[in-house]
Each structure stands twice: as structure tokens, then as C-alpha cells.
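**Q** Each chain, letter by letter, is given below.
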Amino acid sequence: MSRFLFTFIVFFLVWLGFTTSFDPQEVIAGVILSFIITLFSYKTFTDYGLKYFYPKRIFYIIKYLIVFLIALVKANWDVAKRVINPKLPINPGIVTYTTKLKSDTAKVFLANSITLTPGTLTVDIVDDKLYIHWIDVVSRDPQVIFNEIGANFENILKEIFK
Amino acid sequence: MIWIFLGIVLIASILAAIRGVLGPTASDRIIALDNLTTITTAGLVLLGYLFQRYIYIDVSLIYGVLSFVGVLTLARYMEGGL
Amino acid sequence: MILTYLGYVLTSIGVIFLFLGALGIFRMPDIFTRLQAGTKATTLGALGTILGVGLLQPEWFWKTLIIAIFFAISNPISSHALARGSYKIGHKPYMNDPNGIDTYSEVPQNEGDE
Chain A
1057 MSRFLFTFIV FFLVWLGFTT SFDPQEVIAG VILSFIITLF SYKTFTDYGL KYFYPKRIFY
1117 IIKYLIVFLI ALVKANWDVA KRVINPKLPI NPGIVTYTTK LKSDTAKVFL ANSITLTPGT
1177 LTVDIVDDKL YIHWIDVVSR DPQVIFNEIG ANFENILKEI FK
Chain B
3 MIWIFLGIVL IASILAAIRG VLGPTASDRI IALDNLTTIT TAGLVLLGYL FQRYIYIDVS
63 LIYGVLSFVG VLTLARYMEG GL
Chain C
86 MILTYLGYVL TSIGVIFLFL GALGIFRMPD IFTRLQAGTK ATTLGALGTI LGVGLLQPEW
146 FWKTLIIAIF FAISNPISSH ALARGSYKIG HKPYMNDPNG IDTYSEVPQN EGDE
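Chains as they are written, first to last, in our numbering: chain A, 1057 to 1218; chain B, 3 to 84; chain C, 86 to 199.
Check before you lean on any hint, since a few could be wrong.
Claimed, not checked - Some chain C residues flagged as far from chain B (calculated, every beta-carbon gap over 12 Å): (1) I87; (2) L105; (3) L108; (4) M180.
Claimed, not checked - When the alpha-carbon atoms are kept at most 20 Å apart in a straight line, the in silico SDA-like pairs for lysine to any residue are as follows: (5) A:K1156 - A:V1200; (6) A:K1130 - C:L108; (7) C:K173 - B:R31; (8) A:K1130 - C:I158.
As the list claims (entries may be wrong) - From the structure, some residues in chain A lie toward chain C, with a derived Cβ separation under 8 Å: (9) V1066; (10) G1073; (11) I1122; (12) L1144; (13) P1148; (14) L1157; (15) S1159; (16) A1162; (17) A1167; (18) N1168.
Everything labelled a hint here was simulated from the structure, so no lab data went into it.
Where a beta carbon is used, it is the ideal one built from N, C-alpha and C, also for glycine.
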């Protein structure tokens, strides 16, 4: 039930974003359509449901967004420096990153965040191992890899998807 | 101002298109195509602001969704799975 | 008024990063490094441009926000699919150091997917 409500709220918010009007006709059509789509898709859409709206989780989600945006800007600064530099200072390789996260949603978010952080690109996920293309391999020690690539994302995601 | 932005977007899309033509393998061409669609979507939103037409935003949204699906399909096809 | 200035700043940052992303695709030596430059720079570029236009024209803001969220989710996924696909058909990553590391080659390559 809580999964159903969560899916419905998300779809309805997306509908309001699309139409950007509070005209009664639009709102009623949105409620009906979101209800129908929710009936088909709530089982695959989310595993947690309304638990996402607990205040503690909302705090961590906001913290995650801030960390993510800072990492995105840093990543672009990094890429820009490498692209403009006439010598192209790169030393690429593929390394293994072992995650401690259990849920699939959390792994997908971790992989996406890693792709958008400085110098890393997720190539594949096999069980709890992420294969990551790193544009500047500084070390092959698993602990250093863990700390360099995704430790702060992983700590926050652990709290969100508990 | 917007014209200058559009000029830079045009140069960027030409660079990506050159990579798409030169690209030694099929993967390079698909990567160039993927980035070209992203650049085009941003360009469409800018054009919508320039002409003050709300419909351009809808067009760019649909273009983004369709190009995402298209690139995913191409990637799966290249891998041999589909 | 301040929204307009903020919008122009965001849009110009976005456009510059779109250009840098395209330049990255043009200059980088192999598929994976091209994906790196392309994905990161064009994602921030598109986010900046689209949200900047949303600030310039405040009544469009919510729809531009939805487009931006969609891009932030979909771009990493498509680049991941491209990286995996091109590795599986036999493209090896470029190394400027002859004994560079590549742990993904130890994984059995032809499982699932049929």
C-alpha cells in the first residue's frame, strides 16, 4: 500500500510538472492517469514506498544531492583541464571496486554517481563488484580505490536505502 | 547574447559530427551520436527561449526521451543481445 | 532581475561545458576516454543550459527541471551501456603505460545476454 501511494505521488508530481497548470480539468485527468499507470507499475517502480519520506531520510537525500552536485562540478573542472591541456595527461585503466551496499536500487544510484564523479566511468556491475574505467589510475590497492572513488557516496546511500 | 550561445552550440555540434564522420569504429560513431543528441536538446531549449515558443520545450523533452531509447537500443544491438 | 542574471550565468557555463565535451570527444584517443569526457561535460552542459533557460523564463521552470532530472539519470545509463557494449565486442581500453591494469578482462565475457 505504501509503495502504491509513493508511486502515485511521484507520477502525479511529474504530471503537474508537464502541464504546469492547476486548472481542474488538467488535475482530474492527471489523477486518473497516474492512478491507472500506478496500478500497472507500482510493483517494479519502488521497493521502499513511503519510507522515503521519513525526515531523517529526507535529510540524507538533500545531503546526497549537495555532495553529488559538488562532485559533478569538480568532475567537469577535471575533464576541462585534461581536455584543454595540449599534452592530454591521462593514464587510463580498469579497476575493481567492491561495494558493501545490498539493494539493487542503491547499486544503480552508486554506479550513476560514480560515472558522474571525477575521472571514473562504470563499465559493468557483477554482484557486488563494480568494474570502473579510471582515467588516471593512481593506485591498485583496493582500500585506496574504495576511498578515492566512492566512499562518501556509499556512506550516504547506506543511510538512505537502509 | 543568445545568438552567441547558439553559435557555441553550433561549433560544439560540428565538432561532435566530425568525430562521427571520422570515428574509426562503430562505437565511436554511436558515442558521437549520443553526445550530438544531448547538444541538440540543449540547443532546442535555447531556440525556444529565443523565439519565445513554449512548444520547443515539449519537443526537446520528447527528443531527449527518444534519443535515450535509441542509443540504448544501438548499444544492446552492438553487444549482440537485443 | 537577479533571476535573469543568474540564468545568463548558468546558461553560459552550460554552453561552455557543452563545447568542452564536444572538444573532448574530438581529441581523446579511445572509446572509453571519449565516453568519460563526453558524458560528464555534456551532462553538466545540458543541465546548466536547460536550467538557465528555466530561470530566464520562470513560468517554464518546472518543465525544464523535469528535463534536467531526466538527463541526469539517463546520460550515465546510456554511457554505461555503450562502454559495456564496446568492451564486449572486443575494444580494449587505450593504455599509455604498457603494463596498465585491466581487471575487467578477468571476467568471463559471454554470459547471459542471449
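**Q** Would the hint on A1167 (chain A) be counted as holding, given a Cβ-Cβ threshold of 8 Å to chain C?
**A** holds (7 Å)
**Q** Would the hint on V1066 (chain A) stand, with a C-beta cut-off of 8 Å toward chain C?
**A** violated (11 Å)
**Q** Please work out if K173 (chain C) and R31 (chain B) have their alpha carbons no farther apart than 20 Å.
**A** Answer holds: K173 (chain C) to R31 (chain B) is near 17 Å, not above 20 Å.
**Q** Close enough to count: is the Cβ of L1157 (chain A) nearer than 8 Å to one in chain C?
**A** violated (17 Å)
**Q** So if I understand the rule, the pair passes when the alpha-carbon distance is 20 Å or less; does K1130 (chain A) with I158 (chain C) pass?
**A** holds (18 Å)
**Q** Given S1159 (chain A) was flagged as interface, is its beta-carbon under 8 Å from a beta-carbon of chain C?
**A** violated (17 Å)
**Q** Holds or violated: is the Cβ of N1168 (chain A) closer than 8 Å to a Cβ in chain C?
**A** holds (4 Å)
**Q** Sort out whether V1200 (chain A) lies within 20 Å of K1156 (chain A), counting only the CA atoms.
**A** holds (15 Å)
**Q** Is the Cβ of I87 (chain C) more than 12 Å away from each Cβ in chain B?
**A** Given a closest Cβ separation of 17 Å, the condition holds.
**Q** Beyond 12 Å from chain B, beta-carbon-wise, is L108 (chain C)?
**A** violated (6 Å)
**Q** Does M180 (chain C) clear chain B by more than 12 Å, comparing its Cβ with all Cβ atoms of that chain?
**A** It holds; M180 (chain C) is separated from chain B by about 17 Å at its closest Cβ, greater than 12 Å.
**Q** Is the hint on P1148 (chain A) kept, meaning its closest Cβ partner in chain C is under 8 Å away?
**A** With a minimum Cβ separation of about 6 Å from chain C (threshold 8 Å), the hint on P1148 (chain A) holds.
Going down the numbered hints, you'll see the structure goes against 2, 3, 9, 11, 14, 15 and 16, while the others check out.
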